[in-house]
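Using the sequences and the hints, build the whole thing.
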Amino acid sequence: MRITAPGMRATIQDRGRTGHVREGIPPAGPADPVAFAAALELAGCAAADAAVEIVGLPFAFRCDDRRVVAATGRDVRVRTRGALPGWMSVLARPGEEVVVEGSPRTRFAYVAVSGGITLPPVLGSRATYLPAALGPLPRPLVAGDALPLGASGAGVAAAGRRIAPLRYGGTARAVIGPHQERFRGETVAEFFSATFTVLPESDRMGVRLAGGALTPADAELLTCGIVAGAVQVPRGGAPIVLLADHQTTGGYPIIATVVRADLGIVAQAAPGEYLRFERVTPDDC
Amino acid sequence: MTLRPFGDRAFLIELEQRIDPSIIDVARAIADAWEERGLGEATPAYASVVLAFDPARIRWADAAAAATALRSAPPPATAPARGRLIRIPTVYDGPDLAETALRSGLSIAELVDLHSGQDYRAFFVGFMPGLAYCGLLDPRIDAPRLAAPRPRVRAGAVAIANGQTTVYPADSPAGWRLIGRTELRMFDPGREPAALVRAGDRLRFVPR
Numbered sequence: 046m047r048i049t050a051p052g053m054r055a056t057i058q059d060r061g062r063t064g065h066v067r068e069g070i071p072p073a074g075p076a077d078p079v080a081f082a083a084a085l086e087l088a089g090c091a092a093a094d095a096a097v098e099i100v101g102l103p104f105a106f107r108c109d110d111r112r113v114v115a116a117t118g119r120d121v122r123v124r125t126r127g128a129l130p131g132w133m134s135v136l137a138r139p140g141e142e143v144v145v146e147g148s149p150r151t152r153f154a155y156v157a158v159s160g161g162i163t164l165p166p167v168l169g170s171r172a173t174y175l176p177a178a179l180g181p182l183p184r185p186l187v188a189g190d191a192l193p194l195g196a197s198g199a200g201v202a203a204a205g206r207r208i209a210p211l212r213y214g215g216t217a218r219a220v221i222g223p224h225q226e227r228f229r230g231e232t233v234a235e236f237f238s239a240t241f242t243v244l245p246e247s248d249r250m251g252v253r254l255a256g257g258a259l260t261p262a263d264a265e266l267l268t269c270g271i272v273a274g275a276v277q278v279p280r281g282g283a284p285i286v287l288l289a290d291h292q293t294t295g296g297y298p299i300i301a302t303v304v305r306a307d308l309g310i311v312a313q314a315a316p317g318e319y320l321r322f323e324r325v326t327p328d329d330c
Numbered sequence: 571m572t573l574r575p576f577g578d579r580a581f582l583i584e585l586e587q588r589i590d591p592s593i594i595d596v597a598r599a600i601a602d603a604w605e606e607r608g609l610g611e612a613t614p615a616y617a618s619v620v621l622a623f624d625p626a627r628i629r630w631a632d633a634a635a636a637a638t639a640l641r642s643a644p645p646p647a648t649a650p651a652r653g654r655l656i657r658i659p660t661v662y663d664g665p666d667l668a669e670t671a672l673r674s675g676l677s678i679a680e681l682v683d684l685h686s687g688q689d690y691r692a693f694f695v696g697f698m699p700g701l702a703y704c705g706l707l708d709p710r711i712d713a714p715r716l717a718a719p720r721p722r723v724r725a726g727a728v729a730i731a732n733g734q735t736t737v738y739p740a741d742s743p744a745g746w747r748l749i750g751r752t753e754l755r756m757f758d759p760g761r762e763p764a765a766l767v768r769a770g771d772r773l774r775f776v777p778r
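As they're listed, the protein sequences go chains A and B. According to the numbering used here, the first sequence is numbered sequentially starting from 46. According to the numbering used here, the second sequence is numbered sequentially starting from 571.
It cannot be assumed that every hint is accurate.
Stated by the list, open to error - Facing chain A, a subset of chain B residues (Cβ under 7 Å, in silico): (1) GLY577; (2) LEU582; (3) GLU611; (4) PHE697; (5) ALA717; (6) PRO759.
Since the hints were derived computationally from the structure, they do not count as laboratory data. These numbers were taken from a predicted model, which means no experiment stands behind them. Note that the Cβ used here is the ideal one computed from N, Cα and C, for glycine as well.
Shown next, in the form of structure tokens:
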């Protein structure tokens, strides 16, 4: 897989690095796990394979041999010999350029290629965590990068399969707490009824929100472990939804936690867009 | 101890909410038991444990039952092995130094003397790769977290908050008060082990 246009920040990701939280190492992996898993499946990859996450399209590449490729994410489409939708498996001929394009609302796009990217795992994973330069290729991709791919049985029959895109925008489902008792009852109710605005300072670590006028908890929290989707409320009252590059522990009370299936809805919300949270119980998901 | 869902693929057990080595040891014992049973990854901290699981592998109800059992009958806690002494050469010139001294009723020199005048235990490593939560600060230092975290601080920043101290191992957002900096590399993925400090080590800040 030879990169011809790297986008603004493209990194290699797999489903994430586990087993190292006690060294403070976050899971990394895709900001939008549903889109990432769909790209892998459409390209005929295994769930543990590695693919590319791109911020800032367009992204373009060629493969030396015939491959099944798929691009997913918000508002993503593919151009090869013609224009194709995203969330579809596409047969790429040897040497043919595949261009992945989006819209101004696209924050994260995923490109998977049959066979998967086979760079050697670091600490059990191929996921890139840029803040600590972790991963087999711990930097954004650049034009000219050549990524090794695994064996692929890519055939014409594999092309044209589709997966329905995630329904982006609007409302993400969240489970209350775990620190709900540290907030006033009306603050928790406000969280689940307010409309928040996504701030531009959002990234793979977390999505920062404005609005909602949440009253922060009276007491600070003793530093506590965290999972992706946790909605922290710092003392200023402006919530942060943590994503794949989240810290492994934090000290701000967590009012609610977005369910994994809806992390992409939060991650892909563009600055200035609105977000709401619908309360669910964890065994609904 | 309380047990609550933490999203749709984890639970949180909370112990008595204070910083006390014997509570930390219980949290770590619960985390070890969860992982030894192959249920998933666990994150112990001062007085809590996050118990994560993969719903594709373990049903919610089974994970909930296992977490409930650990809360009801936590495994016996043992203290960690005594670690190494790590000296941290520190330049005390952080942007929050003067304000923190003022709110504590101390001069800057007094605050520096208090911070560098004792050894700290590394309780656990978390937040980001290689960041060790160490304590306890002298209670005369009054250092609540900042109301809004800074979007970015530099690697090597020496920080304090709520009785704890640490060194930021990489550029990152940060909610703790910055009082100084060190040139030591706290985390280096090319080094084995990558993290300079492990749980159980002792830290000494040396002014320079």
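Which earlier hints can't be squared with this structure? none
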